[in-house]
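First to last, the protein sequences are chains A and B.
With the first letter of the first sequence counted as 1, position 90 gets the number 90 in the numbering used here; the numbers rise by one all the way through.
With the first letter of the second sequence counted as 1, position 156 gets the number 506 in the numbering used here; the numbers rise by one all the way through.
Hint data in this document are derived by calculation from the structure and do not stem from the laboratory.
All C-beta atoms, glycine included, are put in the ideal place defined by N, C-alpha and C.
Incorrect hints may appear among the rest.
[As the list claims (entries may be wrong)] Here are the simulated SDA-like cross-link-like pairs (lysine to any residue), alpha carbons at most 20 Å apart as the crow flies:
# : chain 1 : residue 1 : chain 2 : residue 2
1 : B       : Lys363    : B       : Asp535
2 : B       : Lys474    : A       : Thr28
3 : A       : Lys87     : B       : Pro648
4 : A       : Lys87     : B       : Leu647
[What the hints assert, rightly or not] Calculated from the model, a selection of chain A residues having no Cβ within reach of chain B, i.e. all distances over 12 Å:
#  : residue
5  : Arg3
6  : Pro55
7  : Arg105
8  : Ala127
9  : Ala129
10 : Pro134
11 : Cys194
12 : Gln216
13 : Glu224
14 : Thr226
15 : Val253
16 : Asp260
17 : Glu261
18 : Gln320
19 : Gly345
[What the hints assert, rightly or not] Quick list of the computed label-pair ranges, beta carbon to beta carbon:
#  : chain 1 : residue 1 : chain 2 : residue 2 : range
20 : A       : Cys342    : B       : Ala537    : 54 to 60 Å
21 : A       : Gln29     : B       : Phe632    : 50 to 56 Å
22 : A       : Arg223    : B       : Ser456    : 52 to 58 Å
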Amino acid sequence: MERDILKAMLKDMLLARAFEERAAYEYTQGNIAGFLHLYPGEEAVAVGVLHASEPGDYVVSTYREHVHALVRGVPPGKVMAELFGRKDGCSGGMGGSMHLFDQQRRFMGGYGIVGETYPVSTGIAYAIAMRNLPEAVICFFGDGAVNQGTFHESLNMAALWNLPVLFICENNRYQIGTEIHRHSKVTEVYKRACGYKIPAEQVNGMDVMEVYKATQSALLRIREGTGPQFLEIETYRFRGHSMADPGSYRPKVEVQAFKDEDPVTVMLQDSIPEYPDAEKISAVGRDNIEHLSNHMHRENLINPEDIEQMKKQVNEIVEQAVQYAAASPEPSMDDAWSALNCNRGQEVLI
Amino acid sequence: MTDEVLLWQALNKAMDIEMAADNSVFTMGEDVGLYGGSYRVTEGLYAKYGEWRVRDTPISEGGFTGLGVGAAMVGMRPVIEIMTINFALLALDAIINMATKIPFMSGGQFPMPLVIRVPGGVAKQLAAQHSQRLEHTLMNVPGLRIAVPSTPQDAWWQLRQAIQSNEPVIILEHELLYFSKGPLDMALEAPPMHRAAVRRAGSALTLISYSRTAILAQQAADKLAEDGIDIEVIDLRSLSPIDWQTCIDSVSKTHHLLIVEEDCGFSGAGAELAATLSERCFYELDAPVQRHTGLDLPTPYNGTLEAASIPTVSSIINAVKQII
Ligand SMILES: Cc1ncc(C[n+]2csc(CCOP(=O)(O)OP(=O)(O)O)c2C)c(N)n1
Ligand SMILES: [Mg+2]
Numbered sequence: 001m002e003r004d005i006l007k008a009m010l011k012d013m014l015l016a017r018a019f020e021e022r023a024a025y026e027y028t029q030g031n032i033a034g035f036l037h038l039y040p041g042e043e044a045v046a047v048g049v050l051h052a053s054e055p056g057d058y059v060v061s062t063y064r065e066h067v068h069a070l071v072r073g074v075p076p077g078k079v080m081a082e083l084f085g086r087k088d089g090c091s092g093g094m095g096g097s098m099h100l101f102d103q104q105r106r107f108m109g110g111y112g113i114v115g116e117t118y119p120v121s122t123g124i125a126y127a128i129a130m131r132n133l134p135e136a137v138i139c140f141f142g143d144g145a146v147n148q149g150t151f152h153e154s155l156n157m158a159a160l161w162n163l164p165v166l167f168i169c170e171n172n173r174y175q176i177g178t179e180i181h182r183h184s185k186v187t188e189v190y191k192r193a194c195g196y197k198i199p200a201e202q203v204n205g206m207d208v209m210e211v212y213k214a215t216q217s218a219l220l221r222i223r224e225g226t227g228p229q230f231l232e233i234e235t236y237r238f239r240g241h242s243m244a245d246p247g248s249y250r251p252k253v254e255v256q257a258f259k260d261e262d263p264v265t266v267m268l269q270d271s272i273p274e275y276p277d278a279e280k281i282s283a284v285g286r287d288n289i290e291h292l293s294n295h296m297h298r299e300n301l302i303n304p305e306d307i308e309q310m311k312k313q314v315n316e317i318v319e320q321a322v323q324y325a326a327a328s329p330e331p332s333m334d335d336a337w338s339a340l341n342c343n344r345g346q347e348v349l350i
Numbered sequence: 351m352t353d354e355v356l357l358w359q360a361l362n363k364a365m366d367i368e369m370a371a372d373n374s375v376f377t378m379g380e381d382v383g384l385y386g387g388s389y390r391v392t393e394g395l396y397a398k399y400g401e402w403r404v405r406d407t408p409i410s411e412g413g414f415t416g417l418g419v420g421a422a423m424v425g426m427r428p429v430i431e432i433m434t435i436n437f438a439l440l441a442l443d444a445i446i447n448m449a450t451k452i453p454f455m456s457g458g459q460f461p462m463p464l465v466i467r468v469p470g471g472v473a474k475q476l477a478a479q480h481s482q483r484l485e486h487t488l489m490n491v492p493g494l495r496i497a498v499p500s501t502p503q504d505a506w507w508q509l510r511q512a513i514q515s516n517e518p519v520i521i522l523e524h525e526l527l528y529f530s531k532g533p534l535d536m537a538l539e540a541p542p543m544h545r546a547a548v549r550r551a552g553s554a555l556t557l558i559s560y561s562r563t564a565i566l567a568q569q570a571a572d573k574l575a576e577d578g579i580d581i582e583v584i585d586l587r588s589l590s591p592i593d594w595q596t597c598i599d600s601v602s603k604t605h606h607l608l609i610v611e612e613d614c615g616f617s618g619a620g621a622e623l624a625a626t627l628s629e630r631c632f633y634e635l636d637a638p639v640q641r642h643t644g645l646d647l648p649t650p651y652n653g654t655l656e657a658a659s660i661p662t663v664s665s666i667i668n669a670v671k672q673i674i
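Okay, chain A solo, but in the shape it has when bound (with noise of 0.2 Å):
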């Protein structure tokens, strides 16, 4: 793979990781509040899939959507005022963490009830379609969202319409406590797609490079007018469900596993990670070994000072995002009717 889409998606991975960790931080400040799910851990999947996109693609996220924001190009201030609540963030301090939205950048929001991107994403794909443009959707959703019902019911309206939909899935394995063996019957998710008939395939969400490749094709075939691709992308979220979750009920050593192949490790390092012996793996499952295993063939691409300016970079920043934020003012009432009433114009209401 090119040294510079390597680079660009380094770059990225280790800005996601410092923001989130950032707003971690921030939170417990008391300067953002409600809901904060974080995406440590999972940074390969937004930042591998939407570096294979186009910017003339949409993006429809779900509450655990900071970093899909970012990658997108939505500036890092307007995000970080977002969850401060404040007049400049990018949905002007109405939305807050689980609801960024920039129409601009085709960032079509961050959506807080659980399976909405799928009809929000077949519903965007199907004025593409009808308009015959070379843009796709990408629709991203959990492991634990693919049991409600608009899940089948969009999958199959995608599939009959023939519609450009990149059904992502970030399988951390769990929805919130409950661990994907205990709220799916099929827990490799991607093998329910071929119910519909949408050509699908598992892709290690440890590895950025894999995540990429499998994007870039998958989107190439949408371009080709076949229809919707699903692509199931094996991830972990190193924190708990939100900033309200310890999440305790995750054993240890899973945590450790996962954390030993934590992507942005896997980016930087060029060393392998000691192996686990057979008891932990047993423990965290199969995905894990092939994740492991994966991870052994890797080769090291990345120059060490390359990557100390890359941080020195990032944490800048978000140091920026920060002051930023801390400096927008708060929206006012009148903000918020007009953001309610945006749509009405100038009709005079009795």
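Assemble the complex: chain A is given as a structure, and chain B with the ligands must be docked to it using the hints.
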């Protein structure tokens, strides 16, 4: 014997005692089992009663609420927990088209001992999709009982009554009340599930409210009393049916009525109260019925705006002072 407990603990005890007493009681919902429930209401029950009676579900609200309907038709007593009222929107078909219609459409053949427990209301900056109240929609459904407990004692009584009832009952629990403390006397005999409570007797005005705003109303009343303004506070406890007689008796005494609710005012629970009590107390009222409600606005994420979008103790005091 009276204990001081948190509201979630009262619900937890009610679940436990009903599950112990009747094998047909089971509960189901997202993270109710191993995790112990988002607000701890089902804590400890999974270990005690096992997975068939305390079932963790997939994110399939329409599916598992509908499952509760089916199980109730054949004599089970399901207690479905929907993680928050916002997600109950996905289960409205099961609640409105199924739970309340099947007993009627079948000409009265089927019992529907279904309980649906739902946290809701404006909590702390959870933004527009996670701060809703749905009483307006649910009140418009004939055949559905709606309990709105605001104290641990009521939570204990009403959940137990709901489980024992053969009608579908939805319990709206306010997210900010789970960790509020209050006395619980488990031996005390329960009033009827829909009986309103006069929380504070007074003569100048009747203030009717429910759920969290009923608590705020009592705090407002205490402050008003310091200024020599003596109001009566009624906590409805039930939104369907409504205990009209308690309301009418109070208005006949005070001749002034203020209704306070957290939900949007337009077409809300307060609209029903204002309409019916205007009809029934017209000759008793010395002033027009007033409502003090949440703004007709989706809840903003910004904390200052969120706080300004719903009644507070001081805004309730102002609303009272504008009437008397
Ligand atoms: C309809 C609905 N039900 C329940 C919830 C509460 N909830 C928020 S996130 C979540 C788990 C989602 O898991 P998954 O889809 O795997 O995404 P992840 O958080 O792991 O990224 C649940 C149950 C919700 N937001 N919407
Ligand atoms: Mg998940």
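Hints, one by one, checked against the model:
1. At most 20 Å may separate the alpha-carbon atoms for a hinted pair to count; Lys363 (chain B) and Asp535 (chain B) meet this at roughly 12 Å.
2. Taken as a hint, the Lys474 (chain B) and Thr28 (chain A) pair is honoured in the structure, with Cα atoms around 15 Å apart against an allowance of 20 Å.
3. About 17 Å separates the Cα atoms of Lys87 (chain A) and Pro648 (chain B), which keeps this hinted pair within 20 Å; it holds.
4. Distance restraint check for Lys87 (chain A) and Leu647 (chain B): the Cα-Cα separation of roughly 17 Å lies within the 20 Å cut-off, and the hinted pair is therefore satisfied.
5. With a cut of 12 Å on Cβ distances, Arg3 (chain A) stays outside the contact zone with chain B, its closest approach being about 41 Å.
6. Residue-level check passed: Pro55 (chain A) sits 28 Å from the nearest beta carbon of chain B, beyond 12 Å.
7. The beta carbon of Arg105 (chain A) sits about 20 Å from the closest Cβ of chain B, which is more than 12 Å, so the claim that it is off the interface holds.
8. A cut-off of 12 Å between C-beta atoms confirms that Ala127 (chain A) is not in contact with chain B; the least separation is 23 Å.
9. With a least beta-carbon separation of about 27 Å from chain B, Ala129 (chain A) lies farther than 12 Å from that chain, consistent with its non-interface assignment.
10. Every CB of chain B lies more than 12 Å from the CB of Pro134 (chain A), the least distance being 32 Å, so the non-interface label holds.
11. For Cys194 (chain A), the condition that its CB be more than 12 Å from all CB atoms of chain B holds, with the nearest at approximately 20 Å.
12. Non-interface status of Gln216 (chain A) relative to chain B is upheld: no Cβ of that chain comes within 12 Å, the nearest being about 30 Å off.
13. Interface exclusion of Glu224 (chain A) from chain B stands, the closest Cβ pair being 33 Å apart, more than 12 Å.
14. With a cut of 12 Å on Cβ distances, Thr226 (chain A) stays outside the contact zone with chain B, its closest approach being about 30 Å.
15. At roughly 18 Å from the closest C-beta of chain B, the C-beta of Val253 (chain A) stays outside 12 Å, upholding its exclusion from the interface.
16. With a minimum CB-CB distance of about 25 Å to chain B, Asp260 (chain A) clears the 12 Å threshold, and the non-interface call stands.
17. Separation of Glu261 (chain A) from chain B is adequate, the least Cβ-Cβ distance of about 25 Å exceeding the 12 Å criterion.
18. Every Cβ of chain B is farther than 12 Å from the Cβ of Gln320 (chain A); the closest lies at roughly 22 Å, confirming the non-interface assignment.
19. No Cβ of chain B comes within 12 Å of the Cβ of Gly345 (chain A); the nearest lies about 19 Å off, and the non-interface call holds.
20. Hint check: Cys342 (chain A) to Ala537 (chain B), Cβ distance near 56 Å, so the stated range 54 to 60 Å holds.
21. For the pair Gln29 (chain A) and Phe632 (chain B), the beta carbons lie near 55 Å from each other, so the given range of 50 to 56 Å is met.
22. Between Arg223 (chain A) and Ser456 (chain B) the beta carbons are some 53 Å apart, a value that agrees with the proposed interval 52 to 58 Å.
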